[in-house]
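Produce the entire structure from the sequences given, and follow the hints as far as they go.
Residue numbers (my numbering), protein chains in the order written: chain A, 905 to 989; chain B, 905 to 989; chain C, 27 to 143; chain D, 27 to 143; chain E, 24 to 153; chain F, 24 to 153.
Quick caveat, the hints were computed from the structure, so don't treat them as lab data. These figures come from a predicted structure and were not determined experimentally. Some hints could be false.
[Claimed, not checked] Interface residues of chain E toward chain B, partial, derived using beta-carbon atoms under 10 Å:
1. 42
2. 48
3. 82
4. 85
5. 86
6. 143
7. 153
Glycine included, each C-beta is placed from N, C-alpha and C at the ideal position.
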Amino acid sequence: MILHTINKLSALALCRDLISEGDKVVLLEDGVYLGLQPLPFATLAIRVDVEARGLSGRLTKQTESIEYSEFVDLCTRADKVCSWF
Amino acid sequence: MILHTINKLSALALCRDLISEGDKVVLLEDGVYLGLQPLPFATLAIRVDVEARGLSGRLTKQTESIEYSEFVDLCTRADKVCSWF
Amino acid sequence: MSSILYVFSQPPHGSINAQEGLDALLMGSAFTTCSVLFVGQGLMQLIEGQSTDELGTKNFSLGFGALKDYGVNRIACSKPDLVASGLNSDDFVIDVEPLDAAGMQLLIRDHDKVLNF
Amino acid sequence: MSSILYVFSQPPHGSINAQEGLDALLMGSAFTTCSVLFVGQGLMQLIEGQSTDELGTKNFSLGFGALKDYGVNRIACSKPDLVASGLNSDDFVIDVEPLDAAGMQLLIRDHDKVLNF
Amino acid sequence: MNFAIVVHGAPYSSEACLSALNFAKAVLASGHSINRVFFYHDGAYTANNLIAPPQDETPVGEQWQAFGIGNNIELIACIASCLRRGILDETEADRYEKSGSNIAPGFTISGLGQLIDASINADRVVTFGV
Amino acid sequence: MNFAIVVHGAPYSSEACLSALNFAKAVLASGHSINRVFFYHDGAYTANNLIAPPQDETPVGEQWQAFGIGNNIELIACIASCLRRGILDETEADRYEKSGSNIAPGFTISGLGQLIDASINADRVVTFGV
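Structure below.
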């Protein structure tokens with residue numbers, strides 16, 4: 905499993921094709937706005953970034969909020985981390 | 905006439921609808937890459953930015969290279985300048 | 027005295043730039059006629075319910091409530107960008123006038139200077 | 027010893043970041059097995075005929091010619107992004123292996139670490 | 024005609040800083056004037072006097088200094104932007120009890136009012152954003 | 024598990040600088056370790072000791088200092104990034120005959136080799152880009 909992070913809307917185009925079945929995707933910073941639109945994969949969004957932007961309760965069902973501790977845990981379970989920005 | 909400047913690809917989405925008949929558009933910095941694709945309006949691209957990126961001879965016919973002096977001249981002939989970035 | 031249109035196109039919190047843009051708008055409105063147009067991700071500055079206590083950035087969206095008091099003339103946003111965002115005006119901290127392309131072009135034409143942030 | 031895949035996604039000259047990315051790749055290749063994947067606007071770093079004398083930025087595209095000498099293993103780019111750019115491999119300063127999505131996914135899988143620039 | 028120029032980008036980090044300089048030079052070369060250059064956001068980093076780039080790279084900050092001093096043009100770095108980014112003159116360094124100042128010659132730290140004043144009074148205002 | 028963390032963004036200018044700090048804190052809180060934090064690109068600005076933000080804004084740079092010193096974690100600012108951006112320690116200030124140094128406590132200026140070494144030897148490397 906590879907963990908991908910996305911920190912802004914424009915970075916989606918860079919990684920859209922590179923996310924394999926079984927990979928995980930973390931949305932952080934301005935990347936959490938991607939949680940407003942339908943995506944071809946499920947995502948995990950950093951809760952403090954979601955709340956800072958007023959997006960609590962506004963995100964699609966395929967986006968789940970997580971804490972930094974869960975982000976760290978995902979890193980340890982992934983083979984590697986790939987950051988898209 | 906309003907003079908618009910665009911300095912990166914993603915800024916096109918911001919101004920595409922705001923460019924009126926008779927307005928002028930200057931591409932600078934990474935905005936000169938827009939000269940590789942068809943656009944709904946003619947553009948003027950800063951020559952030193954075009955050359956730095958190796959785009960001389962690669963741009964569409966609707967893109968013309970200009971000097972900074974012509975950019976300044978366009979500013980004086982425009983009613984105002986609007987910078988998209 | 028020159029009137030100034032402020033164009034806000036950046037989302038909040040990802041960088042300080044949006045916040046520094048609002049500072050410039052408030053300062054400008056003390057000196058001359060100012061209006062503001064939100065476009066693209068700039069609309070995200072307006073979302074109600076931003077809660078930045080834990081992140082530690084500043085919730086400057088609260089400042090938009092003061093724009094009328096500061097005498098800011100027109101407060102507008104791009105209607106196409108609003109529709110594309112999936113949000114609507116009810117999601118915003120203040121009343122904002124959605125403008126179509128022609129309306130935005132007129133707004134730009136009606137001001138002497140444009141400051142983009 | 028961990029192998030490293032460098033992913034370059036930024037265009038040159040608009041900021042120093044692409045140039046600093048190449049510096050990191052050259053440094054990395056002195057220590058361990060490295061490969062590089064150009065995606066998105068990162069492909070623009072490869073365009074032949076960059077002439078920066080007048081602008082005054084550094085034409086670091088000339089440095090790509092040294093990648094083989096530095097022992098950089100695979101030099102690849104996104105085939106979909108190459109097609110979308112309207113450019114082709116002949117426009118580039120060096121030979122680059124265009125990879126489809128599956129090929130890029132394999133490249134990522136084949137390296138221990140990924141450094142994005 | 025009189026220009027106000029606004030710079031949002033730092034040397035190297037953004038070409039905006041260099042583009043604005045090239046534009047400013049062309050303004051003067053065309054016989055026009057510049058009422059003020061205002062450095063906002065990361066543009067404030069341009070005023071850092073401690074920059075020491077490699078010899079084969081254009082020293083954009085130094086060129087701005089020379090341009091401002093040589094042509095007697097006001098280069099204003101926004102005080103709020105500067106404080107957040109660690110660009111201080113002696114007054115601010117004393118006020119915040121910092122170890123020293125690092126403002127480059129030719130630059131003045133001042134308030135956001137200078138941006139508004141320049142924008143209102145210039146014939147044209149041109150922003151170099153990031 | 025051992026982490027290397029790479030930071031590309033400056034305080035305020037990019038949330039990356041803050042996200043990386045939150046991540047680093049969570050790494051330690053989860054019982055893992057950090058072999059090095061490497062500040063590259065504009066991340067080098069984090070090491071500027073002259074930052075004086077408004078009192079109601081999070082002093083991200085200071086928090087990094089406290090984090091590094093308090094947990095005995097290496098905070099390395101890339102020397103090439105630092106020279107281009109005007110972040111100097113005393114050695115570099117002397118070498119380039121600059122008026123002073125401005126490196127913050129807890130930070131060390133060092134070469135790009137430190138990024139490679141950290142990346143190779145960590146179990147995971149995580150980049151916070153801009």
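Status of each hint after checking the structure:
1. 42: Interface hint status for residue 42(E): holds (6 Å vs cutoff 10 Å).
2. 48: Since chain B brings a Cβ to about 7 Å from residue 48(E), closer than 10 Å, the hint holds.
3. 82: 18 Å, violated
4. 85: Residue 85(E) check fails; min Cβ-Cβ to chain B is 19 Å, beyond 10 Å.
5. 86: Nearest chain B Cβ about 14 Å off; hint violated.
6. 143: 13 Å, violated
7. 153: Given a least distance of 6 Å, the restraint on residue 153(E) holds.
Violated hints for the displayed structure, listed by number in ascending order: 3, 4, 5 and 6.
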